[in-house]
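A.B. asks: Line by line, the protein sequences give chains A and B. Going by numbering that gives the first Met the number 0, 488 is the number at position 489 of the first sequence; the sequence numbering is gapless. Going by numbering that gives the first Met the number 0, 193 is the number at position 194 of the second sequence; the sequence numbering is gapless.
No lab work stands behind these hints: they were computed from the structure. Watch out, some of these pointers could steer you wrong.
Label-pair distances were calculated between CB atoms; the ranges are [stated by the list, open to error]:
hint, chain 1, residue 1, chain 2, residue 2, range
1, A, Ala365, B, Pro40, 45 to 51 Å
2, A, Leu327, B, Val176, 46 to 52 Å
3, B, Ser64, A, Lys200, 24 to 30 Å
4, B, Glu1, A, Leu327, 41 to 47 Å
5, A, Arg132, B, Lys55, 33 to 39 Å
6, B, Leu18, A, Arg132, 25 to 31 Å
7, B, Arg292, A, Ser1, 47 to 53 Å
8, A, Ile158, B, Ala171, 53 to 59 Å
9, A, Ser118, B, His204, 51 to 57 Å
10, A, Arg132, B, Arg292, 42 to 48 Å
11, B, His204, A, Gly340, 22 to 28 Å
12, B, Gly122, A, Arg132, 51 to 57 Å
13, A, Ile145, B, Ser157, 46 to 52 Å
Computed footprint of chain A on chain B; a stretch qualifies when at least three of its residues, placed anywhere within it, have a C-beta under 8 Å from a C-beta of chain A [to be verified]:
hint, segment
14, 172 to 186
15, 197 to 208
16, 273 to 286
17, 289 to 296
All residues carry an ideal CB built from backbone N, CA and C; glycine is no exception.
Listed here are the chains, written in short residue letters.
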Amino acid sequence: MSALEDLIASGKPVAGKADGARVVLDQSRWRIMAEHLAGGIYVLSGLWAEPGMVHAALLDGTSGKLAIVSLECPGGSFPALSALHAPAIRLERMIFDLFGLVPEGAPDTRPWLDHGRWSVQHPLGAATVGAPRRQYDFLAAEGEGIHQIAVGPVHAGIIEPGHFRFSANGETVVRLEQRLGYTHKGIEALFRGAELAQAAKLSGRVSGDSTVAYSLAFARAVEDALGVAVPQRAHVLRALVAELERLANHLGDIGAICNDAGFALLQAHCAILRELVLRTAQRCFGHRLMRDVVVPGGVAADLNALAYRELATLVKEIRQRFPDLVELYDGTASLQDRTVGAGIVSPALVRQFAAGGYVGRASGRAFDVRRHVCYPPYDQLEFEVPVLEAGDVNARVWIRIHEVEQSLRLIEQILGLKVEGATHTRVPSGSGEGFALVEGFRGDILAWVRLEAGGRVARCHLRDPSWFQWPLLEAAVEGNIVADFPLCNKSFNCSYSGHDL
Amino acid sequence: MELIRELAVQGGEMLLVVLLAPLVTGVVRKLKARLLRREGPSVVQPYRDLLRLMRKDVVLADNASWLFRTAPYLIFATTWVAAALVPTFATGLMFSWSADLIAIVALLGSARFFLALAGMDVGTSFGGIGSSREMMIAALAEPVMIMIVFALALLAGSTQLSTIAAYMVSPAVGLRVTLGMAFVSLLMVGIAETARIPVDNPATHLELTMVHEAMVLEYSGRHLAVLELASSLKLLLYLSLIACLFLPWGLAPPDASALFYAIGVAAYVAKILVGCTALSVFETVVAKMRVFRVPTFLGAALMLGFLGTLLLFVSRGF
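Using the sequences plus the hints, can you model the full thing?
C.D. replies: Written out as structure tokens, the structure reads:
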């Protein structure tokens, strides 16, 4: 038995499904878990709470097994995982801000999402009215000639808000510290008591560029909770929209990274291809970003023969035009000079943080939910998971380039699958708990949901891949020059909205 | 009578550059947009922007000193004078006696000095970053300009632009390695001085990568309009300088008839258009370089200028 299975066996299963149920650990087991996490025996895939209880999602990288464990905290506190395992730091700060549960022994007790501007404190916990404004101290970087550069939250370009505090020695970055939380929307509070249809819509609005992946994660979690079997045709269509979303985002990203290196030519061409994808999506699914297409129980759209032809033409068009752009990227020396060797993330850090998506795969972490925690229809489809070791901006661009090619391959296969039948099945109104891990374009999105009797959502947590990628950006920029930060940042392209909840 | 005519030509030249400068910026932007298969704003958009900025209120930081408020005008004035010294369509201008390459370098240097001071005046981090980067570039670009001046002055026997231009169209000039080196060197330093890709990106929205834009980030309203006009003028100045030094054909000689002036203006417009096109294509096909790569770039320019001067000494047998 693996260490993860041991841990689960030692816990008390919560009443519900026999297989894959959540287990409640005692404090000593929770501490052992922290040691395992620090030792890299399995990885932390999520950490969240509800009043009086914290939950952690654990992932065994080799077997692809995902488990949810909980710890009851009647005293309003729990042993901090972050004392041993750094990736938990921001998640525990978030838990304190939202629920008021105190992580005991945490190395960093500053607020994270709560900037002292909410009308209540701990809105999902005690919700005490009135919030004292506390001074937020950035971490110090001391030394001769070290100066601070404060950037954001309002930027010169039209991008999401986030504050970046650089401590620099001349042009060289000594320390970067992020401050996020400016786009906090109270997603988790909105989920409480929401009707299923309403909650499904909400899940698609957590992070706009990943709307398909988010609604897919939520839908799969609900189906897991209620034991709903989705028709095969729905699985296939879901994979189709997910791959189209990945395609559009990767194309946009490749161009945007090049634009941040002052090479607007590639962005112009990539933007044309991205626009082609979005317009095809508009015609086939009625929405450019395919929002609200994936719903619990299946999909809310179907394709006719004309749409199939349009999608086939789209794939052909991109297959024809994309290689030239790759060649332009690879053959422009001035561009390569910027991307190669900039913003390196070490494989050890990526493993420790279990960073998913292109950030992880560019630094040697071969993990893709579609392959390693396989969900249908990817078990029937052929695709490769590209992995590189360099960990620099160039590697993250190349991972995207390869994934564009793989997505095209997947779409072709999906279009070739002749699966007929229903696209939707009725979701019974019941109660239960479920979770799902889904591969969005940024990486693995975790969804955990508890439904109460009557089919309303009691509690839902959606964990964005950026939680484990943002901290790595701080590490990637260290030792680089200040002027290279935008390039590194764009190559990560982390979500603000998904992270700020 | 003579004086009036000279005044008219000189005044015409000064007005021409200041009126033409925003158009040059507009044309470059339009060409770059078309190269990216975008429609792009109209070529007269910079004029509209200037008008819009002129009508807007000025927002000043609380701690802005008199320097911050006067710097835009000083920068504009020095740049305009420098631009007026470069023969555009006619040589033998009224200011010819002072139309000295060294004077132009000095005027641009003063403009930069005030801009860097203004960038640091309000005390924001971006202004400081911009000023420090600008000074790093300037420390490397100015010696290059001086080297180019040396090389040309040794050849033509004068630092006066009219004399050099006249020498360059005369049969005495021949095909010289020094000229080629000075030309490439001037192109490189021109790109750095006018804050174009690959040294700086005039279209960027990334505050951390800016050089020129970072220094003017705190400016608004008429101050910004004047600064925008000054940087357009600087671009035109460098295009004119390259045209005057290395493509001096068509310049109207002193005391020429109206026909020569007409030919001069037409040739000038054509040369600037060629320059704009070359600049747009170049900016489209290269990425911006790392900030610390700029010294290497300008170092190469300096070496070219230096070698050009040295070769001249060797061939002359000093």
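A.B. asks: If a hint holds in the structure, say so; if it doesn't, say that too.
C.D. replies: Structure-based check of all given hints:
1. Ala365/A to Pro40/B: 45 to 51 Å: holds (47 Å)
2. Leu327/A to Val176/B: 46 to 52 Å: For leucine 327/A and valine 176/B the Cβ distance comes to about 34 Å; the hint is violated.
3. Ser64/B to Lys200/A: 24 to 30 Å: Since serine 64/B and lysine 200/A have Cβ atoms about 54 Å apart, the given range 24 to 30 Å is violated.
4. Glu1/B to Leu327/A: 41 to 47 Å: violated (59 Å)
5. Arg132/A to Lys55/B: 33 to 39 Å: For lysine 55/B against arginine 132/A, whose Cβ atoms are near 34 Å apart, the range 33 to 39 Å holds.
6. Leu18/B to Arg132/A: 25 to 31 Å: With a Cβ separation near 54 Å, leucine 18/B and arginine 132/A fall outside 25 to 31 Å, so the hint is violated.
7. Arg292/B to Ser1/A: 47 to 53 Å: holds (50 Å)
8. Ile158/A to Ala171/B: 53 to 59 Å: holds (58 Å)
9. Ser118/A to His204/B: 51 to 57 Å: violated (34 Å)
10. Arg132/A to Arg292/B: 42 to 48 Å: holds (44 Å)
11. His204/B to Gly340/A: 22 to 28 Å: holds (25 Å)
12. Gly122/B to Arg132/A: 51 to 57 Å: The hint (51 to 57 Å, Cβ to Cβ) is violated, given that glycine 122/B and arginine 132/A are roughly 25 Å apart.
13. Ile145/A to Ser157/B: 46 to 52 Å: holds (50 Å)
14. 172 to 186: Violated: only 0 residues of the segment 172 to 186 of chain B have a Cβ under 8 Å from chain A.
15. 197 to 208: Our answer is that it holds, as 9 residues pass the Cβ test (under 8 Å) against chain A, meeting three.
16. 273 to 286: holds (count 4)
17. 289 to 296: holds (count 4)
Hints 2, 3, 4, 6, 9, 12, 14 from the list above are not met by this structure, while the remaining hints are.
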